[in-house]
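S.K.: As a plain string of letters, each chain reads:
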Amino acid sequence: MKKLKIAMAQIETKLGDVQGNKEKIIDAIYKARESGAKILITPELSTLGFGSGDIYLDKVNENLEALEEIKQVAGEAGIIGVVGFVDQDERGFFYNAAAIIEDGEIIGKYHKVQLVNYRLFDEKRYFKPGSHLPVFKTKYANLGVLICEDVWFPEPSRGLTFRGAEILIVLSASPYDRGKNLLWKDFLRERVRDNILPAVFVNQSGIQDGVTYWGGSMAFSASGKLIKELPLLEETFGTVEIDLDESKRLRRRDIRVREVRREILEELLDAYEDMNL
Amino acid sequence: MNQTIDIKLTEEELEIFKRIIQKSILTRIEKIRAKGGVVALSGGIDSSLVATLAHEVLGDKLLAIIMPEEGISPENDIRDALNLVKSRGIKYKYIKINDAVKWFTEMLPNQDLNDPRTRLTIANVKPRIRMIVNYMYANYEGKIVLGTSNKTELLLGYGTKFGDMAADIYPIGDLYKTQVWQLAEYIGIPTEIIRKKPSAGLWKGQTDEEELGHTYYEIDRVLYALVELELSVRETSELLNISMDSVEDIYRRIIRSEHKRKPPTITRLSKMCLDKDWRYPVERY
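Protein chains in written order, with the working numbering: chain A, 1 to 277; chain B, 1 to 285.
Warning: the hint list may mix true and false statements.
[What the hints assert, rightly or not] Here are the simulated DSS-like cross-link-like pairs (lysine-lysine), alpha carbons at most 30 Å apart as the crow flies:
id : chain 1 : residue 1 : chain 2 : residue 2
1  : A       : Lys248    : A       : Lys24
2  : A       : Lys185    : A       : Lys5
3  : A       : Lys31     : B       : Lys276
4  : B       : Lys23     : A       : Lys59
5  : B       : Lys276    : A       : Lys124
Keep in mind that the hints were calculated from the coordinates and are not lab data.
The whole structure should be built from the sequences, with the hints applied where relevant.
M.R.: What follows is the structure, encoded as structure tokens:
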């Protein structure tokens, strides 16, 4: 059985406190190494912190410098890092992003494809959405990375599944309101069940200006079983062991990924275009 | 209609709410390096709840100020407030506001409290006197003011602007009154406080429900339908089997009181108008 130990850094990042956030991430890298984990996941936008306010526009450079340092430490510790940060492209556009760090190098970046702009959220004020769903080949597994809202839509995880992801990694900064933790459990399980893939979800904890990030990070096996759940509201660290072969075993008889029909995908696209006419 | 009024909190939610409220108080105090919190304690359920939740995490860094108008504030409120601080070991001050009320009243041309205009004006002066005392102690001791407004009051505008509504944070501002009752019971607030008829205590014998014309149970259901379920007045009336007039009355209160829930509107003249374009959190790093 191919097992992979993954570390979950449920840290209390603070919007704008790049130095403090960086130290927490570095501390989590050391904890991951001690625990024998191969991969460490941080919450969404962990270097800059998630929250409300125009600080995103002020501290992007500082956040990129912090990522450089995190990259080095992860390399020295022999940890693969999936780290939430604000990316900036050569045109000066910002992205809500995740850096995939292996051997001290950034081997790839993911840009959140479904930005949130309803209720208290205003991500389009700062970020451009990504439009690609790459799968990152690492020495341990092919990683499919998603950020928060991406999981509330079935399509992004579907894309990663078709691209050969062996595990779904979800970085999040989800604000609490009644029942939110239960809703998330449903969404994650639905993605896992549809795609017959394991998933690890890491959520920020802490409060800022009355908005609570509820923590409660979770991991599901490919069969949809909840195999790890970190406490709500607390800053904490956890690890989970994922069986990477389970998905392959299940897919011997569960043909729902293999038998997706191209005609139906085309029909779906047609229907989508009809909807937006 | 398939929608339901889901105001009642589960045991799990009550525990989560309690922890979040306490953490939000601590976070603000730590972030701005304040030395603690001040809360005006009337002996009613809202302030008793805020004081108790805050005391559990702040201990001696919490100061409760009991500010009755002796002879007007109900005696059982004063007694309940004193019992609460004594039984829980909450640090407190007792300051009666009678002289201050008199001083302000004398500034009015018509000082007859039987005149409805004078009566309402003075009713609003009292929470503003308490506000000054609150902020005086907050300044003096380097603390923040913990507001005690709940969601029902905030939506109805049932509070005095710059009076009891003046605060640095509203720890229970997203809880409906009936949820306040639930949380108060959950954390063990004495039953005499929970069972008491809610009153702003602005004149003798006043009760909120009489003044508002509906019970809090009814009001909360209407507010929940209008605000959380986003139903229209007609849909709300049908769902709850409550007259259109009653729902309309509550709906109008929400609209009319928007100004109380917002800081003063700034006339925009630049590209960086401070209440419209400028967006920075208070808890800023």
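S.K.: All hints, please: hold or fail.
M.R.: Cross-check of the supplied hints:
Under the criterion of a C-alpha separation no larger than 30 Å, the hint pairing lysine 248 of chain A with lysine 24 of chain A is inconsistent with the structure, at around 36 Å. Simply put, lysine 185 of chain A and lysine 5 of chain A have alpha-carbon atoms about 21 Å apart, close enough for the 30 Å limit, and the pair holds. A C-alpha spacing of about 43 Å is found between lysine 31 of chain A and lysine 276 of chain B, which places the hinted pair above 30 Å, so the restraint is violated. At most 30 Å may separate the alpha-carbon atoms for a hinted pair to count; lysine 23 of chain B and lysine 59 of chain A meet this at roughly 27 Å.
Annotation: proposed proximity of lysine 276 of chain B to lysine 124 of chain A holds, straight-line Cα distance about 17 Å (limit 30 Å).
Taken one by one, the earlier hints fail for this structure at numbers 1, 3, listed in ascending order.
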